[in-house]
Amino acid sequence: MTDASHKLERTPMGLPLSNGKLAMWLFLVTEIMFFTGLIGTYLIVRASVPSTHPVIRWPTPQEVHLEEWIGAFNTFVLILSSLTVVLAHYAIGIGQVGKATRYLGLTVLLGLVFLGVKAYEYQAKFAHDILPGRIGELLPGMGVQRERQFHAVGMQYVERVRGQLTAQVEKTAGKNLKEVTDPDLQGASEATLKCYALLKELTGELKGEGENKTYTPPLTPAQLGARVNDLLHDHPELHLTPTIPYGNMWASCYFAMTGFHALHVLGGIIVLSLFWLIGMFGGLGTHHAGAIEVTGIYWHFVDIVWIFLFPLLYLV
Amino acid sequence: MTVAVLLAICTVASFVVNVLVRGTSLTAMTGFLIILGVAVVKALLVALVFMHLSWDWRSLYFVLVPTGILAATLMVALLPDGVIDFVQDADEVAVSELPAKPGR
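Residue numbers (the working numbering), protein chains in the order written: chain A, 1 to 316; chain B, 1 to 104.
Bound-form chain A, shown alone (with noise of 0.2 Å):
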């Protein structure tokens, strides 16, 4: 009986892995709902936004200054990282520490290039004012529901460009606006002229008097969209706020996405960088292939994920 006991324990128990690589997969599945709720809310918004409207669409790549060659790049840094990853985890399975050692900081340096990247397309969203609750949603054909439905959005907008206008004329002129008079302005730049002469639409005009009174209404914010857009697209110099119909709504999913993503790649990184220090010290070893082979399950999984960002937001 004791002996049958005995037995019964010293039995094979529970499944073909080790902890570790169950536990990081139990991770992961928590991981790809959170990603498919971000992704699937992402196609569920834009789906609902109509193809054929001539005005009313999902914005473009080229509107917010998305490269798709810069995507495409970044994918290429993330499937090498990847392959670099497997080729860590097989030559410290044959005891290569060396070269498992200089294939993890390669996929820590190629991870820090796939960041660098991002970072230098989020600073092309700041420099171009594309940037969630800042972006006008109202240009001229919109219809008149669109219009009041975003009339308290579309003033902000007016007094945000008001803003942005006013500082280029003042840096130019040298003085406060109120102060500033056309003589101020001679010899100014043709952007700078044509902020000036759109700062005067925007407040309106009463000309005469009695019969001969005229008056000019200002700038609806739909028609303020449409001149700053115009302004943008002959001096893409100046610092002002576009109009992108759902620009809002792509900048909140964009950074969503893509924000959340890239705190994941700099949590691989970071234990990748771990492994890899460890590595330069000496101290690496056969007994860390384990280790190695769960992170770099994770790794893959944020390629993955990146697998599908790119195309849903650079691509289609």
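Derived from the structure by calculation, the hints contain no laboratory data.
Built from N, CA and C at the ideal position, the CB exists for glycine as well.
Mixed in with the good hints, there may be bad ones.
Label pairs and their in silico Cβ distance ranges [what the hints assert, rightly or not]:
| # | chain 1 | residue 1 | chain 2 | residue 2 | range |
| --- | --- | --- | --- | --- | --- |
| 1 | B | L33 | A | V55 | 20 to 28 Å |
| 2 | B | V19 | A | S51 | 14 to 22 Å |
| 3 | A | S252 | B | M75 | 26 to 34 Å |
| 4 | B | L33 | A | Q62 | 18 to 26 Å |
| 5 | B | G23 | A | E201 | 34 to 42 Å |
Chain A is fixed; fit chain B onto it per the hints.
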């Protein structure tokens, strides 16, 4: 190495399809389906080979299959939000296009 090369080729294929859609050689829907299909193939390659799922599937299917079902359900559950979101009357005239009344 073979998988990495295949992944790189798939990325280039997505890029080319995108160029064809821009050049109107392909419809947007066809392009979308092809690009999404290529992304799924890439994800499967990474999962099956790099993440060792083709070897470990028998030990992990009980975790991954329910997650897949729940993920699909989540997408379906979100659908009504998209359907009721957009209301647009194409016959309406934009406020900005209405003629300004003199002396208003």
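Results of checking the hints against the structure:
Taking 20 to 28 Å as the suggested C-beta distance range, the pair L33 (chain B) and V55 (chain A) conforms, at roughly 27 Å. V19 (chain B) and S51 (chain A) have their C-beta atoms about 19 Å apart, which keeps the hinted 14 to 22 Å range intact. Range check, S252 (chain A) to M75 (chain B): Cβ separation about 19 Å, and the 26 to 34 Å hint is violated. A hinted range of 18 to 26 Å holds for the C-beta pair L33 (chain B) and Q62 (chain A), which are about 22 Å apart.
The supplied range of 34 to 42 Å is met by G23 (chain B) and E201 (chain A), whose beta-carbon atoms lie about 38 Å from each other.
The structure fails hint 3 only (numbered hints given earlier).
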